[in-house]
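Trainee: Each residue of the sequence shown is one higher than the one before, starting from 96 at the first, in our numbering.
Hints in this document: simulated from the structure, not taken from any laboratory. Glycine included, every Cβ here is placed at the ideal spot set by N, Cα and C. Among these hints, one or two may not hold up.
Stated by the list, open to error - The following label-pair restraints were derived from C-beta to C-beta distances:
hint, residue 1, residue 2, range
1, L113, L136, 34 to 42 Å
2, P104, L143, 30 to 38 Å
3, A124, L147, 45 to 53 Å
4, E139, P104, 30 to 38 Å
5, V122, L147, 46 to 54 Å
6, K114, D145, 41 to 49 Å
7, I99, E139, 33 to 41 Å
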Amino acid sequence: MARIVVRTPAERLRLAKLKTRRALKMVTAHILSLERLRVELQIEFEALLDALGDYDNEEKCDEDNHE
96 MARIVVRTPA
106 ERLRLAKLKT
116 RRALKMVTAH
126 ILSLERLRVE
136 LQIEFEALLD
146 ALGDYDNEEK
156 CDEDNHE
């Protein structure tokens, strides 16, 4: 049979605070994970831009040599 649990307002507040802390920790962990991912992507993007810049410079040198 189901048992009915009656909680006092103080107990409900304590449980609500506990759930809020847990949720805040999870959200914080997700934010930190996203920030790490953003930094990794920024590094990759900058490396690609550098490689593209090197490629453009090589093409310009080739065009100058043909003239």
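Trainee: Now look at each hint and say whether the structure bears it out.
Mentor: These are the hints, each one checked on the structure:
Restraint check, L113 to L136: a C-beta distance of roughly 35 Å satisfies the suggested window 34 to 42 Å. Separation of P104 from L143 is about 57 Å and departs from the stated range, judged on CB atoms against 30 to 38 Å. Checking the proposed 45 to 53 Å range against A124 and L147 shows it is violated: the Cβ atoms sit about 35 Å from each other. E139 and P104 have their C-beta atoms about 52 Å apart, which leaves the hinted 30 to 38 Å range violated.
Our hint of 46 to 54 Å for V122 and L147 is violated, since their Cβ atoms are close to 37 Å apart. At about 47 Å, the beta-carbon gap between K114 and D145 stays in the expected band of 41 to 49 Å. The beta-carbon spacing between I99 and E139, approximately 57 Å, falls outside the hinted interval of 33 to 41 Å.
Hints 2, 3, 4, 5, 7 from the list above are not met by this structure, while the remaining hints are.
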